[in-house]
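Fit chain B to the given chain A structure using the hints.
Protein sequences, first through last, are from chains A and B.
Position one of the first sequence corresponds to residue 1 (our numbering), numbered consecutively onward.
Position one of the second sequence corresponds to residue 1 (our numbering), numbered consecutively onward.
The set of hints was computed from the structure by calculation and includes no laboratory data.
The structure displayed is predicted, hence computed values, not measured ones.
Cβ coordinates follow ideal geometry from the N, Cα and C atoms, glycine included.
Check each hint, because a few of them may be wrong.
Pair by pair, the computed Cβ-Cβ distance ranges are [what the hints assert, rightly or not]:
id, chain 1, residue 1, chain 2, residue 2, range
1, A, 375, B, 41, 18 to 24 Å
2, A, 252, B, 136, 27 to 33 Å
3, A, 356, B, 91, 43 to 49 Å
4, B, 91, A, 341, 34 to 40 Å
Derived DSS-like pairs: lysine-lysine, alpha-carbon spacing no greater than 30 Å straight-line [what the hints assert, rightly or not]:
id, chain 1, residue 1, chain 2, residue 2
5, B, 127, A, 13
6, A, 13, B, 189
7, A, 216, A, 187
Only part of the chain B face toward chain A is listed, based on derived beta-carbon distances under 10 Å [said to hold, decoys possible]:
id, residue
8, 20
9, 81
10, 106
11, 118
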Amino acid sequence: MASQLSIAGFVWKNLWRRRVRTLLTLGGIGMAIGAFVGLVGFSRAFEQEWMRIYSSSGTDIAVIQQTFLNTSVDESAAEKLKALPVVALATPMIYNVMDLTTDVNALAYGWKADSYEFKSLQLLSGRTLRDGQAEVMVGDLLAGNLNKKVGETLEIQGTTFTVVAIYHGGSALEAGAVILPLDQIQKLSSLQGKVSTIHVRLRPAPAGEAPEAYLKRAQAQIEAALPGLRAVPAAERAGNNQFVRLAHASAWGTSSIALLIGILGIANTMAMSVFERTREIGILRALGWKRSQVVVLIQLEAVVLGLGGGVLGIGVGWLALSLLAALPETASIVSASFPLRLLPEALGISVLAGLAAGALPAWRAAQLSPVEALRHD
Amino acid sequence: MTSSLFEVRSLCKSYDEGRIEALRGLDLSIEAGESIAITGPSGSGKSTLLHLLGGLDLPTSGEVLFNGARLGSDVDLDTFRSRHVGFIFQAFHLMPTLRAIENVQLPMLGWSRGGFNRAERAGELLKEMGLEERAGHYPNQLSAGERQRVAIARALANDPDVLLADEPTGNLDSVNTARIMEILAGIQKARGMTLIVVTHENDVAHAAARQIRIRDGRVEG
Numbered sequence: 001m002a003s004q005l006s007i008a009g010f011v012w013k014n015l016w017r018r019r020v021r022t023l024l025t026l027g028g029i030g031m032a033i034g035a036f037v038g039l040v041g042f043s044r045a046f047e048q049e050w051m052r053i054y055s056s057s058g059t060d061i062a063v064i065q066q067t068f069l070n071t072s073v074d075e076s077a078a079e080k081l082k083a084l085p086v087v088a089l090a091t092p093m094i095y096n097v098m099d100l101t102t103d104v105n106a107l108a109y110g111w112k113a114d115s116y117e118f119k120s121l122q123l124l125s126g127r128t129l130r131d132g133q134a135e136v137m138v139g140d141l142l143a144g145n146l147n148k149k150v151g152e153t154l155e156i157q158g159t160t161f162t163v164v165a166i167y168h169g170g171s172a173l174e175a176g177a178v179i180l181p182l183d184q185i186q187k188l189s190s191l192q193g194k195v196s197t198i199h200v201r202l203r204p205a206p207a208g209e210a211p212e213a214y215l216k217r218a219q220a221q222i223e224a225a226l227p228g229l230r231a232v233p234a235a236e237r238a239g240n241n242q243f244v245r246l247a248h249a250s251a252w253g254t255s256s257i258a259l260l261i262g263i264l265g266i267a268n269t270m271a272m273s274v275f276e277r278t279r280e281i282g283i284l285r286a287l288g289w290k291r292s293q294v295v296v297l298i299q300l301e302a303v304v305l306g307l308g309g310g311v312l313g314i315g316v317g318w319l320a321l322s323l324l325a326a327l328p329e330t331a332s333i334v335s336a337s338f339p340l341r342l343l344p345e346a347l348g349i350s351v352l353a354g355l356a357a358g359a360l361p362a363w364r365a366a367q368l369s370p371v372e373a374l375r376h377d
Numbered sequence: 001m002t003s004s005l006f007e008v009r010s011l012c013k014s015y016d017e018g019r020i021e022a023l024r025g026l027d028l029s030i031e032a033g034e035s036i037a038i039t040g041p042s043g044s045g046k047s048t049l050l051h052l053l054g055g056l057d058l059p060t061s062g063e064v065l066f067n068g069a070r071l072g073s074d075v076d077l078d079t080f081r082s083r084h085v086g087f088i089f090q091a092f093h094l095m096p097t098l099r100a101i102e103n104v105q106l107p108m109l110g111w112s113r114g115g116f117n118r119a120e121r122a123g124e125l126l127k128e129m130g131l132e133e134r135a136g137h138y139p140n141q142l143s144a145g146e147r148q149r150v151a152i153a154r155a156l157a158n159d160p161d162v163l164l165a166d167e168p169t170g171n172l173d174s175v176n177t178a179r180i181m182e183i184l185a186g187i188q189k190a191r192g193m194t195l196i197v198v199t200h201e202n203d204v205a206h207a208a209a210r211q212i213r214i215r216d217g218r219v220e221g
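Bound conformation, chain A alone (with noise of 0.2 Å):
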């Protein structure tokens, strides 16, 4: 005996009937979700990247000015920080992006020699760089990249630099960097004495007193003795920096442009779909369906075709950022581990998105009435 019929069964004759139309609107959705989990993830992995630079190196609080690309913080500053009590270690540095080879630019840091920060670097080979001195160290991805060995040389911005260290950083960030010392890419850059941020390692917390409340003292502490700069936890700056916003703005602003073009798709074929069927439609009200129930088919087939498209983008996308940590430009600020957390967010926008598309059709099929329904050709 035949299977009984059910909506979800219905739903599918429903779909699979027009299948090439199926397809083609899957393959629209799924490149619209595909677009969201390839530039949402990459805007994530570079955020995880920067607090994994934070966590690796034990730093607690950044001081800066006013904005993460601002290099006007004076150098001098650190030793004044070095003198509160709620400070171990304080250290200036700078970052910037520079061109390294036509093709390949990577973040290049300023570090002093005597860095807490180079004890969460492993060398792999070599030894850490000396001040004043035209040296360079270069993170392992970056150096496999550019196929550099210790001993060799490297031009950055028309200077000469000796390779003297080959790295593992705690980031893909850092693996795909250059640290020079801080007063060569002072000099490099024309800022003589002015750094873009001071990481700061606290000193354990005293007993009774809790991290936060312990973190926001010394936030205040800080920065009633640098007028003018800010303190920020090392979780909100790795979140909070321009670099990450500028990401999370651009993927977030393209994958809404593609998936409004793919919600466009769906309510194109569900709109085609409610016209084509119209007498269909009648048909059912004819039968005693109400017209809920129509609403609820056709918002179905809707949330089928975006779920499915959300499948395949998800697949699309974790390609792409597949590709993404495996090509030489990108490396460094992708890791080759798919953000997991992008699931559920890209299923549940597949969802909305059908939904979304489906609600004006399931309105006008809902709207039929039997009558004219049944007389449409």
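Only chain B this time, still in chain A's reference frame:
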């Protein structure tokens, strides 16, 4: 209060902002278990009357009472169609993507009842129509007569009180016409259902116990 199954009072239905008057104050009473043929020339309002009796549309004025309850106000039209009425159309109106047995299940899908085996019920109805072997076929794999028998099985799915048939033999040859009318008459007698058939065909009309002729939107005679 009335004892009739249907009580139709001063029924008017106009279209195109009143320019076309399909029904003009029609009165009619139909008892439960009657077999009725509605006849009349094209455009006389036969199908419009059938639609209003079946709760597919609302009158411009007047009322249709079903067991004393006014359709559209005392009784919700969707619920009425789902539980009390079975429709049979001239063009069969089967879903092309569904097998015969699945088409028969459609009305049951619109009226969710727990513990009800839709496939089993559909299978029994198709067997009653002599289509047991054709249950797994799609409409385009069935002859016109078979399609109409599937449509009759579908109309019976929710065990309605009334069968409304709009030119049920209009697309059939004489052999299939005779068979369909035999089936409908058999169902009406065996189940004690009310059968209302709109038809142009004299043979079909004469098979009914009562004939109502409509002309210019009113019952003639």
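Here is what the structure says about each hint:
1. A:375 x B:41: 18 to 24 Å: The hinted range 18 to 24 Å holds for residue 375 (chain A) and residue 41 (chain B), with Cβ atoms some 19 Å apart.
2. A:252 x B:136: 27 to 33 Å: violated, 50 Å
3. A:356 x B:91: 43 to 49 Å: Violated, at about 35 Å.
4. B:91 x A:341: 34 to 40 Å: Between residue 91 (chain B) and residue 341 (chain A), where Cβ atoms are some 53 Å apart, the hint is violated.
5. B:127 x A:13: Distance ~25 Å between residue 127 (chain B) and residue 13 (chain A) Cα, so the pair holds.
6. A:13 x B:189: violated, 37 Å
7. A:216 x A:187: violated, 35 Å
8. 20: violated, 14 Å
9. 81: This hint holds: residue 81 (chain B) lies near chain A, its Cβ roughly 4 Å from the closest one there, short of 10 Å.
10. 106: holds, 5 Å
11. 118: holds, 5 Å
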